Amino acid sequence: MKLSGAEIFIECLKAENVDTIFGYPGGAVLFLYDELYKAENRGEIRHILARHEQGAVHAAEGYAKTSDKPGVCIVTSGPGATNAVTGIADAYMDSVPLVVISGNVPKDLIGKDSFQEIDIVGITRPCVKHNFLVTCIEDIAPVMKKAFHIASTGRPGPVLVDIPKDLTNPAVKKIEFKYPKDLVMRSYQPTIKGNKKQIKSAIKMIGEAKKPVLYAGGGVITSKAADELTALGRLYNFPVTNTLMGLGCYPSNDPQFIGMLGMHGTVEANRAMHHSDLIICVGARFDDRVTGDLKKFSPDAKVIHIDIDPASISKNRHAHNPIVGDVKEVLQSMLAEIKEQNIVPDKSAYDAWWKEIKTWQALDCLAYEQGDEIIKAQYVVDMLCKVTDGDAFVASDVGQHQMFAAQYYRFNKPKRWVNSGGLGTMGFGLPAAMGIQFANHDETVACITGDGSIQMCIQELGTCKQYGLPLNIINLNNGYLGMVRQWQEFFYEERYAMTYNQSLPDFVKLAEAYGHVGRRIEKPSDVEDALREAVEDKKRLHFLDFAVEEQGNVYPMIPAGYGHNEMYLNKQDAIKDAKLKSKLIKND
Amino acid sequence: MRHIISLLMENEAGALSRVSGLFSQRGYNIESLTVAATDDPTLSRMTVVTKGNDASIEQIVKQLNKLIDVVKVMELSDYSHIEREMMFVKVVAKEMDTCESIKRLSDIFRGRIIDVSNHMYTIEITGNPQKLDGFLDTMRVHKIVEVVRSGAMGIPRGNASLTV
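Residue numbers (my numbering), protein chains in the order written: chain X, 3 to 590; chain E, 951 to 1114.
Chain E with its partners taken away, still in its complex shape:
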């Protein structure tokens, strides 16, 4: 099953590799991993999407907690939460028809065209990962040149929060 795990960790050199190392070392898979500093510059927030049964997720969470740099771990899948991912897609847009079609599809998916060049459109789109998958599927009628996905990030709804 797919799980999304959020963690706060000391914003120190090597912290990221401790987490990614843990996953490879113990044979857990990573579907995506995103990390950046929070409003508190001493803390980084990381979101890991992984797959596994309940026992293996329990182990992952315990092993993450065991890392000295990790301050807090939250399994977002346990909570009602919001999940988003951002994606850039660059497509060939030569003929008028194609351009129109790309524009229309982007609108339907609430994407935005953020760059236009001679024969290329670049679209920015945000949503949960399934929505991005869906958008890519629809866009396949056109010639996709490049895709950049940020990986998922998430936040619990309501009063629940992952803070120090």
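Isolated chain X, as found in the complex:
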């Protein structure tokens, strides 16, 4: 039977086992939506209508990050496609497998500045893993096959498929549908297995180390290697630190876990990195928010770097032992090899190392005092962790609340923590939380956000209502764009340019206007109850607007250009910092 391009598109989705797709209709995708409508009626594919294309893409990201499937979304040409760009860039930075389908104007109108025409393939080129402009109906199936393959293998990422409208029109052309079974691309063959020799020499390096640190990132989660990582950590009693993206890949309640590292990481994690003689980097990429000033970063450490993306290795920090491969495969081979070689670490050196780390841990850098009057943002996250037994799915937006969430919600499992790490996209949290809930129906999903971020995709409250998502929105409302304000306080002599959120809406009324439960919490004593009530309600979305300390800061903090041994632990440190007084920080 001959099928139209739109019908072929649906068959491709079915062949890829796609059952949920996020999107927003428009002129260029009318034929596709017509078939989606029929597919939905047949119970084959569910389409989730976001309220803005950015929301649709972030939702697909949340879905992909907490399920085993790539996220799929569909947007129309022109503004539909450009609205999706932020989400696509976000997915690119955080290696999220996405297939984004955009409609385009009919082929003979391309290049004529037609209505709602934009070169989205050109616009997205720097922020996709790959993209395609489909030029004939015969190419739809093979391109879709490639798109799913590229998005979800190797280092995952977003793939955009741009389909001109006429290709989907049944009146123009129909062809026999055949979905390619196997796919071999001569130009794309990610390395999966780690090099044996490199693995052997890595183990030798481990045997010689006296102050090792296991530094694990989002790649461990992507590769589903949390078990292997934990096994390796425990085998050698390594101190383990996680990046922002890696939280949950090593259980935070494990005594070997020394917290997140980087700009707002713990003292023990950062000092351990600084003083280490061996960094075993697993699925992380020495991002600038992790390393601070590269010249000062871990001056005495040798580096073993395991990553599926060769370009991540020795990009920022030279790797003495690069191992390219899928993290899970490499760790498995390492564990097997360790068994064979039976390398025993230097016990007395390790003991001394742990003793040193314990002195840093004793500083208790995340301690805070919750008084009776003003709610501390940290306390809200602490309580959320308590009432959800540390087992909720948590999405966050970007800013201070994101750091508080990372520091105070103790993640013990991978894929529970979803945030925008690389791009730092305000507005990510709410739609991402929706995507998580779609992938995990009966689970508790919380969105930790702030009064700035939540307003960037607030329209998605409508989507939540339409699909009855019982999200828990934790709005840490301090009336400021807190993170920016914090930088202004430290580095711009307290000139708070445009960071005071004037004319904030009444979030309670706003939530109610969308048909949700809204509640304002102003007293510390009400925090736990409000959270519990929200979490226990499995039917309705609760928007909890917490009035938190207005000018609270995130500590510890490594200012840009500083080393890991130069952290601020509190406001006094910042005030005392002579270097800061003598020069303003120039960059980031």
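None of these hints come from the bench; they were simulated from the model. Bear in mind that the values here come from a model prediction, so they are computed numbers and not experimental data. Errors might be hidden in some of the hints.
Calculated lysine-lysine pairs in the DSSO-like style (CA-CA distance at most 30 Å, straight line) [claimed, not checked]: (1) E:Lys1022 to X:Lys298; (2) E:Lys1001 to E:Lys1016; (3) X:Lys147 to E:Lys1053; (4) E:Lys1001 to X:Lys147; (5) X:Lys4 to X:Lys16; (6) X:Lys467 to X:Lys511.
Fit chain E to the known structure of chain X by using the hints.
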């Protein structure tokens, strides 16, 4: 340091802009870039001349390899290789002396005069880029009207080769 990188890529629309985009996006400089289909019409061969230290060249090669359309990358500078560039130079040739001089210089550099009009000579010359620079320098005694350079291309010597 100057490096010459050769790559084979899928001969598809947009492939060139992926490579040139990569260079601008990541702040690598391009001294020259040439591209054309090979004997296999599904493959394009590109030669990029760039400058950078070893670490940045390593990154460039890795980033090029990461592009989905790129099939193979070879850093020619790592191998014994042959490098050539082609150039057309149009010069004013009015007086007999000038014409003679142009002809003589072209001969010395193994160039050929490929077009002659009323007052103009056009010379074709091939060689490594330094030779072309040298030729231009010598020709400056005359009035150069137009210069077209193809950009460098290269091939490894001996058994080494960049093929699929």
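Hints, one by one, checked against the model:
1. Of the supplied pair hints, the one linking E:Lys1022 and X:Lys298 is violated, its CA atoms being roughly 36 Å apart against a limit of 30 Å.
2. Annotation: proposed proximity of E:Lys1001 to E:Lys1016 holds, straight-line Cα distance about 20 Å (limit 30 Å).
3. Distance check on the hinted pair: X:Lys147 and E:Lys1053 sit about 60 Å apart at the alpha-carbon level, beyond 30 Å; violated.
4. Proximity of E:Lys1001 to X:Lys147 is assessed by CA-CA distance (about 38 Å); at most 30 Å being required, the pair is judged violated.
5. Straight-line distance between C-alpha atoms of X:Lys4 and X:Lys16 comes to about 17 Å, which keeps the hinted pair within the 30 Å bound.
6. Between X:Lys467 and X:Lys511 the alpha-carbon distance is near 15 Å, which keeps this suggested pair within the 30 Å criterion.
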